[in-house]
Amino acid sequence: MKLEPIYAEVLAARIIPNVDPMLAKQLSLNQRYRSLALFTITMDDVGVTALDEATKRADVEVVYARSFYAGADHASGPLSGEFIGILAGPNPDEVKSGMAAVEQVVESEAFFEAIDDKKTHSLYAHVVSRTGSFLSKEANIEQGEALAYLIAPPLESAYGIDAALKASDVKLAAFYGPPTETNFGGGLLTGSQASCTAAADAFREAVVDIARNPNKL
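Just so you know, we're using numbering that gives the first Met the number 0 here: the sequence shown kicks off at 0 and counts up by one.
Treat the hints loosely; a few may be bogus.
Now the in silico label distances, taken between C-beta atoms and shown as ranges [unchecked claim]:
1) Lys-1 to Lys-215: 20 to 26 Å
2) Gln-25 to Pro-89: 14 to 20 Å
3) Pro-16 to Leu-216: 56 to 62 Å
4) Pro-89 to Lys-170: 16 to 22 Å
Okay, derived cross-link-like pairs now, SDA-like style, lysine to any residue, Cα gap no bigger than 25 Å in a straight line [stated by the list, open to error]:
5) Lys-95 to Glu-8
6) Lys-95 to Ala-162
7) Lys-24 to Phe-67
8) Lys-55 to Asn-17
9) Lys-55 to Pro-89
10) Lys-118 to Glu-8
11) Lys-1 to Ala-193
12) Lys-118 to Glu-106
13) Lys-118 to Pro-153
14) Lys-136 to Ser-96
15) Lys-95 to Ala-113
16) Lys-118 to Lys-55
17) Lys-136 to Gly-190
18) Lys-215 to Glu-180
19) Lys-118 to Ala-71
20) Lys-165 to Thr-179
21) Lys-215 to Lys-136
22) Lys-215 to His-120
23) Lys-118 to Tyr-63
24) Lys-136 to Ala-172
25) Lys-136 to Leu-28
26) Lys-1 to Ile-209
27) Lys-55 to Ile-14
28) Lys-136 to Glu-108
29) Lys-55 to Thr-196
30) Lys-55 to Glu-102
31) Lys-117 to Val-207
32) Lys-1 to Lys-136
Hints were generated in silico from the structure; no laboratory data involved.
These numbers were taken from a predicted model, which means no experiment stands behind them.
The C-beta atom is built at its ideal place from N, Cα and C for all residues, glycine as well.
I would like the entire structure built from these sequences, with the hints used as guidance.
This is the structure we're talking about:
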């Protein structure tokens with residue numbers, strides 16, 4: 000099933016070459032990590048996916064990742080978006096490499112999909128072929144395993160997760176009961192890459208069916 004992609008946008012980004020010790024303490028930084036990369040983005044799940052990818056491409060770890068309440072449409076300012084992420088690394092070059100990975104994922108690798116022509120109804124059915132340290136910890140799995148990252152509006156997400164679990168040999172590693180901070184829901188499913196892909200396809204089909212037939216029992 001082919002749906003139109005909706006890409007996120009990095010709204011603001013900054014590098015801190017040598018973080019102040021008091022801020023480092025608040026972020027519980029490892030002593031060898033003294034540099035930070037900070038960014039805000041319009042879609043939180045894309046931001047999470049991008050952070051995880053950064054941990055595979057640079058010597059960085061995710062030290063802060065938070066979604067904002069009610070979503071990007073109710074942001075606190077024009078550069079707030081829906082999510083803030085912070086990477087820490089041993090030096091500016093490493094966090095810059097981490098940010099380069101973030102930007103690449105956001106620009107071309109991870110995206111929501113539009114269910115309607117107005118793009119007001121959307122879903123996220125992204126398969127991570129090999130997890131980094133961030134999503135591995137979130138899903139409580141070994142680093143390098145495959146993952147289906149499935150997100151949709153509240154009812155659609157619960158129904159879709161059930162369909163995904165029944166469609167393939169996957170396990171529910173994390174459940175995001177609706178409503179989340181951004182009023183969506185979903186979960187992380189783990190299994191082989193083929194199984195995760197099948198689960199994502201089933202999730203997508205279930206969510207689209209609800210959009211087209213919302214009151215069908």
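Verify the proposed pairing of Lys-215 with Lys-136, using a straight-line Cα cut of 25 Å. violated, 38 Å
Hey, Lys-118 versus Ala-71, does the alpha-carbon distance stay inside 25 Å? holds, 14 Å
Restraint status (C-alpha distance of Lys-95 to Ala-113 at most 25 Å): The hint is violated at about 31 Å.
For Lys-1 and Ile-209, compute the direct alpha-carbon distance and say whether it is at most 25 Å. It holds: about 16 Å lies between the C-alpha atoms, which stays within 25 Å.
Need the status of pair Lys-55, Ile-14: alpha-carbon distance at most 25 Å? The hint holds at about 19 Å.
For the pair supplied as a hint, Lys-118 and Glu-8, is the alpha-carbon distance within the 25 Å limit? holds, 15 Å
Pair hint Lys-95 and Ala-162, alpha-carbon separation not exceeding 25 Å: violated, 40 Å
What's the verdict on Lys-55 and Asn-17, does the C-alpha distance respect the 25 Å limit or exceed it? OK: Lys-55 and Asn-17 at ~22 Å, within 25 Å.
Quick one, are Lys-136 and Gly-190 close enough, alpha carbons at most 25 Å? holds, 15 Å
Just to be careful, I want the Cα atoms of Lys-136 and Ala-172 compared with a cutoff of 25 Å; is the pair within it? Given pair Lys-136, Ala-172 holds - Cα atoms ~10 Å apart, limit 25 Å.
Range first: 20 to 26 Å. Now tell me if the beta carbons of Lys-1 and Lys-215 are that far apart. Given a distance of about 23 Å, which is inside 20 to 26 Å, the answer is holds.
Do the alpha carbons of Lys-215 and His-120 lie within 25 Å of each other, as the hint requires? holds, 18 Å
Checked against the numbered hints listed earlier, the structure breaks hints 4, 6, 15, 16, 18, 21, 23, 32; every other hint is satisfied.
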